[in-house]
Structure formats: C-alpha cells, structure tokens
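S.K.: Listed here are the chains, written in short residue letters.
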Amino acid sequence: MIAFGGSILDVLSSNSTYSSTMRFAATLVFAATGEWIAERAGTMNISLEAMILTAAFTSALGSDLTGNVWVALLFGLAGGFLVSLIQGVMSHRFGANQFVVGLTLNVLAVGLTAFIAAEVNPVVKRAGTVRIPLLARIPLVGEALFAQAWILYFLYPLIPFAWWAVYRTRWGLDLRCAGENPQAADVSGIDVNKRRRQAVYACGLCAGLAGTYLTIGQVGSFGADGVSGRGFIALAAVIFGGWVLKGAVGGAVVFGFFLAFGSVFQALGYEANPQVLGALPYVMAIATMILFARRGRQPAALGRPFVRGLT
Amino acid sequence: MRSPGSWGLTLSTAAPLLVVAAGTIVAAKAGLSNIGQEGQLLLGCAAAAFIGTRADVPAPLVITLSFLGAMVLSGLWAGLAALMKFTRKVPEVMSTLLLGFVAAQITTFGLTKKWLLLATKNTSRVNNGQQLPDRAKMPTFTLFGNQVSWGVIIALVVTVVISFVLGRTTIGFRLRMLGLNARTARRAGVSAAVVGGGALIASGAAAGLAGGLWMTGGSAGDRFTSNVSSNIGWQGLLVALLARDRASLAIPMAFVFAALRTGSSFLAATGVDRRITDVVQAMLVLALLVPPAIAAVQRRRRGTEGAS
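Chains P and C are the protein sequences, given in the same order.
Converting from the first sequence to the numbering used here requires adding 1387 to each position, the first position being numbered 1.
Converting from the second sequence to the numbering used here requires adding 1 to each position, the first position being numbered 1.
Keep in mind that the hints were calculated from the coordinates and are not lab data.
All residues carry an ideal CB built from backbone N, CA and C; glycine is no exception.
Be a bit skeptical, because a hint or two may be false.
Unchecked claim - A short list of chain P residues far from chain C (calculated; beta carbon distances all over 10 Å):
{"#": "1", "residue": "Gly-1393"}
{"#": "2", "residue": "Gly-1529"}
{"#": "3", "residue": "Phe-1619"}
{"#": "4", "residue": "Met-1676"}
{"#": "5", "residue": "Arg-1681"}
Stated by the list, open to error - Using C-beta positions, here's what the derived DEER-type ranges look like:
{"#": "6", "chain 1": "C", "residue 1": "Met-284", "chain 2": "P", "residue 2": "Val-1631", "range": "33 to 39 Å"}
{"#": "7", "chain 1": "C", "residue 1": "Phe-145", "chain 2": "P", "residue 2": "Leu-1678", "range": "53 to 59 Å"}
{"#": "8", "chain 1": "C", "residue 1": "Leu-144", "chain 2": "P", "residue 2": "Val-1663", "range": "43 to 49 Å"}
{"#": "9", "chain 1": "P", "residue 1": "Val-1510", "chain 2": "C", "residue 2": "Leu-268", "range": "23 to 29 Å"}
{"#": "10", "chain 1": "C", "residue 1": "Leu-268", "chain 2": "P", "residue 2": "Leu-1472", "range": "25 to 31 Å"}
{"#": "11", "chain 1": "P", "residue 1": "Gly-1607", "chain 2": "C", "residue 2": "Val-127", "range": "24 to 30 Å"}
{"#": "12", "chain 1": "C", "residue 1": "Phe-174", "chain 2": "P", "residue 2": "Pro-1544", "range": "50 to 56 Å"}
{"#": "13", "chain 1": "C", "residue 1": "Pro-292", "chain 2": "P", "residue 2": "Val-1663", "range": "44 to 50 Å"}
{"#": "14", "chain 1": "C", "residue 1": "Met-284", "chain 2": "P", "residue 2": "Val-1663", "range": "34 to 40 Å"}
Hey, can you work out the whole structure from these sequences and the hints?
M.R.: Given below as structure tokens:
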C-alpha cells in the first residue's frame, strides 16, 4: 500500500504526467465544451462520438490529400459539422428521436470511416509543437499548457468564447431558455428548434476541433478504434460538471488524467494490470456520475423533443 | 458435418439479433434506453463459453446451464446500470454504454487466465479461449436442405413471449404505462425502480441469451475471443430501432440484417470490405426515419396554412 501511494506521488510530481494529461484531455475538453452548449439547449447529443470520429477521419483525409495542417483543420471542422447537420436536422426539424438518430450516426460513423480508411489508408502530417516563451517555463504545468501541438491552443479562446456566447448574449439566453422551458421560449417568440439546431451545429464544430486535434495533434494517424468512447467520456464530463462550463472542462481534464494515467504509470517503470489501466477511465467516468449526477441540475427539457402545442 | 447452406447461416445469425432486439424493446417500452448490448452480449458469450467448456454434464444440460449463466451475468451487468439509475439518477444511456467498455476489459482479462477463459494449450499469438466441446454446441435441424440452428426456434419463442407479456399482461401494462407517462404510472402505484429496473435487467439478460446463442450457434467460431461479439449487439439494437419497438416487426428486420451480414462475408471474397454491412444497416435505419418525418413536417405546414 505504501509502495502504491509512493507510485501515485511519483506520477503526480512528474512533468510528463501533466503534459500527457493535457494531450489526452484536449480532445475531451473540446468535445465537452460543444456538448455543454448542445445540452444547455436541450439536446442530449450522443452522436458526439460520431462527430469526433468523423472529424478525426476527415482531418486525416485532408492531411493526406494536401499535407497542409490548415486544410486538415478545415476538413475536420467540416466532418464534425456534417454529422451535426444530420443530427440537428433529423432531430430538430424532422422530429425524429434524437437518441435513435445519435445511435445510428455512431454506428454509421464507425462503419464508414473504417471502410474508407481501409481503402484510402491516409497518411497524416502532424501539427508542430509550439512553445510559448516564458509561460512554458512555469513549473509542472507550464510545459503541459504552453508547449503542445498548436491546435491545442484553440482551447484557450474557445472556452471563454463559449461561456460568453451562452451566458452573455441574446442568442445564448434564447438557447438556454430552449433547454429549460421550450414552451415559454416559444411563446416569447424564440424559434426553439432553430436554436437547438444551432447549438448542435456549434457542438459539431467543437467536436470537429476535438477530432482534428486527436488525429493531427495527438496521435498522428487515424485508427478506427482511436476514439474508443471518448465522446461518451466527454458526455460524462458534462454531467460531472453539473451542466456548468467550468465543471465540464474540469471534468474533462480529470478524465484526461485517467486516460493518460496508464501510459505515464508504465513509463515511470511501475507494473500494473493492463486491463485495470484500460478500464480505469470508464470506471472513473461511471464512479463520478454516481457521485455527482444528482449534484447538478440538468436543463429541465434535456432530451425532450419540442413540438409546438404539446405540453 | 455438411455446410449449413446460406439460408441456414442467415437464420442462425438472425437468432441472436432478434433476441437482442426483443430485449431492447422491453427496455424501450419502459422508457429506458439500453445501449450497452454489445458489452452485455460479450459477457454473455464469455459466460456461455466458460460454462460450456467446464460443465461435465450431458448435452442439453450444458447448453441450458450456459444460457442461464449468460443471462444471469448480463442481467446483473445491466442491473448495475439500473441500480445507478434509480438510486443515484445516473442516466442509463451513459452507464450502459460505459459499462460496455469495462466489460470488454473484463473479458480481455479473462482471456489472460487459464482458470477463466484462456485455452489450456494456447498456440496462437493472441490469447484465445478454450475450444468448445461438441456437447456445448447448439444442435441443428434440417430445413429444405439447410442446417438451421435450434437457436432460431428459441429466438422466436422468446420474441413471442416478450410480445405477449408486453401487450397482454398486467406487468406489461405497467411497464408500458411507465414508458408512456412516468407521472401517471407513479400515481397508479407503479414503482419506477422495480418495473423500470426489471425492464433494464430483462433487456440485459436478453442480450446475454443472445450471446449464448451466438457463442454456441457456430457462426462465431468454436472458441471465445476478445472480438467474438463482432457488432451483433449494435446490429441487434439497430434492428429494434428499425422495428420501431414492435416485436412482430423485429422478426423480419432481424432476418434482413442477418442476410446483409452473411451476405457481406460472401462479398468479402470479392474484395469489398465487410464493414460495409455497418454502413448499409445504419443508412437503412436513417432512411426509414426520413419518410415519417417528412410526412410530419408536411402535416404541420398544412396545419398552419389552414389556420392562417
């Protein structure tokens, strides 16, 4: 037990822990930010996984076609947006069940990306690491936050921007109203389903960044099982955060730590059962939901479709 | 043994798909979304393989025991999600799915230990399970020159029973009431935790039974491997979505999906990747979502024109 405690201390005091946590967390933070916007508008967007996977694939495709990282980024954004377009239109224009659409999109994305990737076999050019002078020299977290692949730095403007858009603009007020009390929103002249669609599109773009970062920034290749449930872990982070942005981001970083834990633990020379390490992020996601799912107050109309005239 | 023939193969693959779908329908009617069938089915396969290779009893008993074991294990696994849902309000959509990832790690762990699933003489580089003895395999009957697994009959019986229980019994009525209007159900004295939790456990047990059918049916090979479930759980879920939660419709849909699945193995011989099955099946579900949706939009448009 003492040895175990010592190993945890070792992990916590190692610089590489923080860098690796941030690398794993970035995908989750991008995705959780987007999912938070969608959920505040009332959509339980389980196609998040499909959005990340599609973006991871399309950005790999963009990189393969041109070798340009910016093009890859555009491709990734387009991939995430495309899935969100299907999800948004199907569930908030055509009134199809949002879970059914989300699930189907997940299966579709897994099949389609694996199928095309097997044919094309995209070669990915990674985004370069950019060190920000001075800030990167902060002990422990400096390297982690300010010496990463540059796509990660989109996080820093994105999070405050998302907060500002949802809490400080008219659009954001409408959007939160669509998630809390769609009937009242409708009566006061807000097009509820339009706001919800827009929130899903915003989520698609954030997931696009998540997928692009995963392929271009972190892994450097596209693997069909590379996403392996990250979208769902990001969903859990939103619940963990009690539907508040800082909570969702914090949750995503915590889960990022557990995703990174296995590799860091082994890199420091410790032995552990690989299956236990593999299951750790999912077990922790479940455990945190058990502890915190009741703490936050979820948007009152979360997951409920809005049809005018029905209560 | 002669080859089962393509119809036999399709029917034998349809059986687990149908059972997964029937279980999904039970949960869906109670207003719960179980989406962890893939993991539950994998655990069912593991339990069936474990019991099938261990139990030293006559043939019918081995299969019965392995199915029971599979149902109990997967039912308990779904029961964890039910417990979290009704004591701690953890959304079952999240918990069932995340538990699936944990289940995959557990079975992988089982494949590293000889006292669990690993073959006593493993010659392959990857860890494979112990070969199932003949007595643990589902017998077949001959239908128009095709070898059809008895699992098909089991699947049909399960589906009919589920359909009957949901539609014609008090417990089914309570379950549907819970799904249609939870508030009314509570006023009428239906316990969401008992009925809803029971529905979730039943859907997990069905996925486990499907795992047993898949493991012993022959199409999955004769031993447990870490990817033995190969999307049967997901595809069964799609069958339920496609059938719009009607058990009677799930029967032909399961057959169509099984045909697509077995067809893709033949396609693979011509160089088309077999993952195209997932794509076609998902497209099918999306495509069938569109017409009623468009009809609804048109109705709404007409409605507003009439009003103005």
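S.K.: Checked against the structure, which of the hints given earlier come out wrong?
M.R.: Of the numbered hints given earlier, those the structure breaks are 3, 4 and 5, listed in rising order.
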